[in-house]
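Asks: Here are the chains, one letter per residue:
2 protein chains.
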Amino acid sequence: MSTKPPPYRVCLIGSGGVGTIASVVLTKSGQAHVTCVLRSKYNYVSQHGWDIDSIDHGKLLGWKPGRIVRSADEASTDENGDPVEYDYVVVCTKQLPNLNPVADLISPVMTSGKTTVIMIQNGIGIEEEIIQAWPGNAVMSSDPNVVVQIAKDVSKMGPHLHAGLDDSVSIERARRFVDMYVMGGASVCELVEDIQVARWEKLLWNGTFNTVCALMRMDVGEIQRSKGRESMLIPMMWEIWNIAKAAGHPMPETIVEWMAYRLPDELSYRPSMLLDLENGRPMELEVILGNPLKKAQELGVDTPHMATVHKLLKLEEWKMDQEKTAGTT
Amino acid sequence: MSTKPPPYRVCLIGSGGVGTIASVVLTKSGQAHVTCVLRSKYNYVSQHGWDIDSIDHGKLLGWKPGRIVRSADEASTDENGDPVEYDYVVVCTKQLPNLNPVADLISPVMTSGKTTVIMIQNGIGIEEEIIQAWPGNAVMSSDPNVVVQIAKDVSKMGPHLHAGLDDSVSIERARRFVDMYVMGGASVCELVEDIQVARWEKLLWNGTFNTVCALMRMDVGEIQRSKGRESMLIPMMWEIWNIAKAAGHPMPETIVEWMAYRLPDELSYRPSMLLDLENGRPMELEVILGNPLKKAQELGVDTPHMATVHKLLKLEEWKMDQEKTAGTT
Numbered sequence: 009m010s011t012k013p014p015p016y017r018v019c020l021i022g023s024g025g026v027g028t029i030a031s032v033v034l035t036k037s038g039q040a041h042v043t044c045v046l047r048s049k050y051n052y053v054s055q056h057g058w059d060i061d062s063i064d065h066g067k068l069l070g071w072k073p074g075r076i077v078r079s080a081d082e083a084s085t086d087e088n089g090d091p092v093e094y095d096y097v098v099v100c101t102k103q104l105p106n107l108n109p110v111a112d113l114i115s116p117v118m119t120s121g122k123t124t125v126i127m128i129q130n131g132i133g134i135e136e137e138i139i140q141a142w143p144g145n146a147v148m149s150s151d152p153n154v155v156v157q158i159a160k161d162v163s164k165m166g167p168h169l170h171a172g173l174d175d176s177v178s179i180e181r182a183r184r185f186v187d188m189y190v191m192g193g194a195s196v197c198e199l200v201e202d203i204q205v206a207r208w209e210k211l212l213w214n215g216t217f218n219t220v221c222a223l224m225r226m227d228v229g230e231i232q233r234s235k236g237r238e239s240m241l242i243p244m245m246w247e248i249w250n251i252a253k254a255a256g257h258p259m260p261e262t263i264v265e266w267m268a269y270r271l272p273d274e275l276s277y278r279p280s281m282l283l284d285l286e287n288g289r290p291m292e293l294e295v296i297l298g299n300p301l302k303k304a305q306e307l308g309v310d311t312p313h314m315a316t317v318h319k320l321l322k323l324e325e326w327k328m329d330q331e332k333t334a335g336t337t
Numbered sequence: 009m010s011t012k013p014p015p016y017r018v019c020l021i022g023s024g025g026v027g028t029i030a031s032v033v034l035t036k037s038g039q040a041h042v043t044c045v046l047r048s049k050y051n052y053v054s055q056h057g058w059d060i061d062s063i064d065h066g067k068l069l070g071w072k073p074g075r076i077v078r079s080a081d082e083a084s085t086d087e088n089g090d091p092v093e094y095d096y097v098v099v100c101t102k103q104l105p106n107l108n109p110v111a112d113l114i115s116p117v118m119t120s121g122k123t124t125v126i127m128i129q130n131g132i133g134i135e136e137e138i139i140q141a142w143p144g145n146a147v148m149s150s151d152p153n154v155v156v157q158i159a160k161d162v163s164k165m166g167p168h169l170h171a172g173l174d175d176s177v178s179i180e181r182a183r184r185f186v187d188m189y190v191m192g193g194a195s196v197c198e199l200v201e202d203i204q205v206a207r208w209e210k211l212l213w214n215g216t217f218n219t220v221c222a223l224m225r226m227d228v229g230e231i232q233r234s235k236g237r238e239s240m241l242i243p244m245m246w247e248i249w250n251i252a253k254a255a256g257h258p259m260p261e262t263i264v265e266w267m268a269y270r271l272p273d274e275l276s277y278r279p280s281m282l283l284d285l286e287n288g289r290p291m292e293l294e295v296i297l298g299n300p301l302k303k304a305q306e307l308g309v310d311t312p313h314m315a316t317v318h319k320l321l322k323l324e325e326w327k328m329d330q331e332k333t334a335g336t337t
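In order, the protein sequence lines correspond to chains U and R.
Residue 9 is where the first sequence starts when you use the working numbering, and the numbers rise one by one after that.
Residue 9 is where the second sequence starts when you use the working numbering, and the numbers rise one by one after that.
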């Protein structure tokens, strides 16, 4: 290994499984000095590091990134108190715009016109607040790809092209990041030059299986065996397909059948939103259903199933809030 | 009391609270000899009778109707084996057309052209199978009025007018039954000459509060406090209002607001379908949502919320069936 410092400075926010693996990949690439912002896990990880056991990266005991800090504010200066300018800020938190807007979260580590934001997060329209806040910066995204482990998908990453920046610049910065990711050993990562279609494709899963499994407290196999796939999920998938088409991101027609029937009927997989609901944790409801429904309304697309499921899951959120309030009094 | 036998023979099927009170009322009128068909409760009631404590009828210990039998077949002949012709057959069972069609249930005690059927049951379109099977008989209905006890409604009874019988005959037979009911001490019973509007009015409750409380496992007050009333119930009420209008049974526009806001926000009332779901008992889903949705489809009425709630409750039914199957293996 060369002694030259790595060419890029990366700040990574979010310490779940996705964030941890991302920090390993970026460090292993040799291209990045990675600063990880940890909140609740700071004390443990700064002392003991992470124990990681991954197919792509093997066993790592007590692994630590370049630097571990408690907050984005702390990350905004180095150990000597001098300001740090980041090339990339990688966001691996849950997407909860009402609770925790990403623009607020990353604000201390952003340099206008320089820092590229990578959102490894679920949902539709998540880039909009970032483009609004930093109109001259590149923004790219990838989904956290929980389903990857079941279905061996390729993880797609790509830029959100926007008016404040030449498309070629957005694409170039995304390409550099993906190259770095691949050099770090992420075996299934692919650059797409317009990420929007990929995000709508992923929504075919997240807006349907993820939401209906949560609402009905059923796992993927149960939804399939109960014919809920045919009565609910496929109609919802066509609603998503129609919004995406109206929004200028058409998907092939065959994708609905493929997405609906790719997984075995006996699979007892419990999607993330169901786990969140069962554990009283906030659901990513607004970016998964709320934002697509706003687009549908703007574009005049009919969404009877999605809109109803969204309203019913809002009632689940209310119940969760009630339980929390009851628990604290 | 006169020693003359009462003028009408009534066969009453269904031994829940509604059926029990109906048999008391009809017997007390002095106008009816009541034969009650009991299944699971036959042994107990034929020995001990019923203990009844009611606001309208006071305390009755060990009360028994004119005759108690085990089946409609047994009711079709008297103690000597001679055939009995009934003036009225009163049905107080749950409305489960797929499990237990009423036409099959009452077939042994029906005399063509003579016996009037009174369905004290929930739902829309429940009279159709009866009119089809006995086109020359009168059919009337009333809802079981579970909400009565909260909101002090008047119980409306009335005929389902149909082509096989002069309207005047249908109305006359219904009037005689309502008179008998009032003579028996039912304080809040009223004849309406076309019961259809009353049934659609009742569906504004049963198709909305009853179904959404069940699906969401929330009581009436919770649905109201969570704003589920505004997001879900009121839109569903307008869907029902529109189907009823298209079907020729228009309701006043003010009824939606009245039905939505009549009950206090702190009410912890758990509607019948929620209790059924919690106790693994079949829900009256098809007559409460399925039949209205069929009408909506015939008439081209848009029902996004109702249709989705119906599909989701079908998944609850599937879960219930799975649990039953698991329990018996």
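Keep in mind that the hints were calculated from the coordinates and are not lab data.
Backbone N, C-alpha and C fix where the C-beta goes; we use that ideal spot for every residue, glycine too.
Treat each hint with caution, since some may be false.
Here are the simulated lysine-lysine pairs, DSS-like style, with alpha carbons at most 27 angstroms apart [said to hold, decoys possible]:
id	chain 1	residue 1	chain 2	residue 2
1	R	K303	U	K327
2	U	K322	R	K102
3	R	K302	U	K327
4	U	K319	R	K302
5	R	K253	U	K322
6	R	K235	U	K302
7	U	K235	R	K322
8	R	K303	U	K235
9	U	K303	U	K332
10	U	K319	R	K322
11	U	K303	R	K235
12	R	K319	R	K303
13	U	K322	R	K319
14	R	K322	U	K322
15	U	K332	R	K235
16	U	K235	R	K102
17	R	K319	U	K327
18	U	K319	R	K303
19	U	K102	U	K235
20	U	K235	R	K319
Covered stretches of chain R (chain U as the covering partner; in silico rule of three or more C-beta atoms under 8 angstroms from a C-beta of chain U) [stated by the list, open to error]:
id	segment
21	234 to 248
22	314 to 328
Asks: A separate judgement is required for each hint: does it hold in the structure or not?
Replies: The hints, checked one at a time:
1. Only pairs whose Cα atoms come within 27 angstroms are accepted, and R:K303 paired with U:K327 is rejected, the gap being roughly 34 angstroms.
2. With a CA separation close to 32 angstroms, the supplied pair U:K322 and R:K102 exceeds the 27 angstroms bound.
3. Proximity of R:K302 to U:K327 is assessed by CA-CA distance (about 32 angstroms); at most 27 angstroms being required, the pair is judged violated.
4. Using a Cα cut-off of 27 angstroms, the hinted pair U:K319 and R:K302 holds, with the two alpha carbons roughly 24 angstroms apart.
5. In summary, the hint linking R:K253 to U:K322 is not supported, as the alpha carbons are separated by about 31 angstroms, beyond the 27 angstroms threshold.
6. Distance hint between R:K235 and U:K302 is fulfilled; the C-alpha atoms sit about 20 angstroms from each other, no more than 27 angstroms.
7. Proximity of U:K235 to R:K322 is assessed by CA-CA distance (about 9 angstroms); at most 27 angstroms being required, the pair is judged to hold.
8. Only pairs whose Cα atoms come within 27 angstroms are accepted, and R:K303 paired with U:K235 is accepted, the gap being roughly 23 angstroms.
9. Between U:K303 and U:K332 the CA atoms are separated by roughly 32 angstroms; this puts the pair beyond 27 angstroms, and the hint is violated.
10. Proposed proximity of U:K319 and R:K322 is supported: the alpha carbons are some 18 angstroms apart, at most 27 angstroms.
11. Straight-line distance between C-alpha atoms of U:K303 and R:K235 comes to about 23 angstroms, which keeps the hinted pair within the 27 angstroms bound.
12. Distance restraint check for R:K319 and R:K303: the Cα-Cα separation of roughly 16 angstroms lies within the 27 angstroms cut-off, and the hinted pair is therefore satisfied.
13. The hinted pair formed by U:K322 and R:K319 meets the criterion: a straight-line CA distance of about 18 angstroms does not exceed 27 angstroms.
14. Under the criterion of a C-alpha separation no larger than 27 angstroms, the hint pairing R:K322 with U:K322 is consistent with the structure, at around 21 angstroms.
15. About 18 angstroms separates the Cα atoms of U:K332 and R:K235, which keeps this hinted pair within 27 angstroms; it holds.
16. Distance hint between U:K235 and R:K102 is fulfilled; the C-alpha atoms sit about 26 angstroms from each other, no more than 27 angstroms.
17. This hinted pair checks out: R:K319 and U:K327 have alpha carbons roughly 22 angstroms apart, not beyond 27 angstroms.
18. Restraint check: the Cα-Cα separation between U:K319 and R:K303 comes to about 25 angstroms, which is no more than 27 angstroms; the hinted pair holds.
19. Among the hinted pairs, U:K102 with U:K235 is inconsistent with the structure: their alpha-carbon atoms are about 30 angstroms apart, more than 27 angstroms.
20. The straight-line distance between the Cα atoms of U:K235 and R:K319 is roughly 10 angstroms, inside the 27 angstroms bound, and the hint therefore holds.
21. Using a Cβ-Cβ cut-off of 8 angstroms, 5 residues of the segment 234 to 248 of chain R lie near chain U, which meets the minimum of three, so the contact claim holds.
22. Coverage of the segment 314 to 328 of chain R by chain U holds [criterion: at least 3 residues with CB-CB distance below 8 angstroms; count 10].
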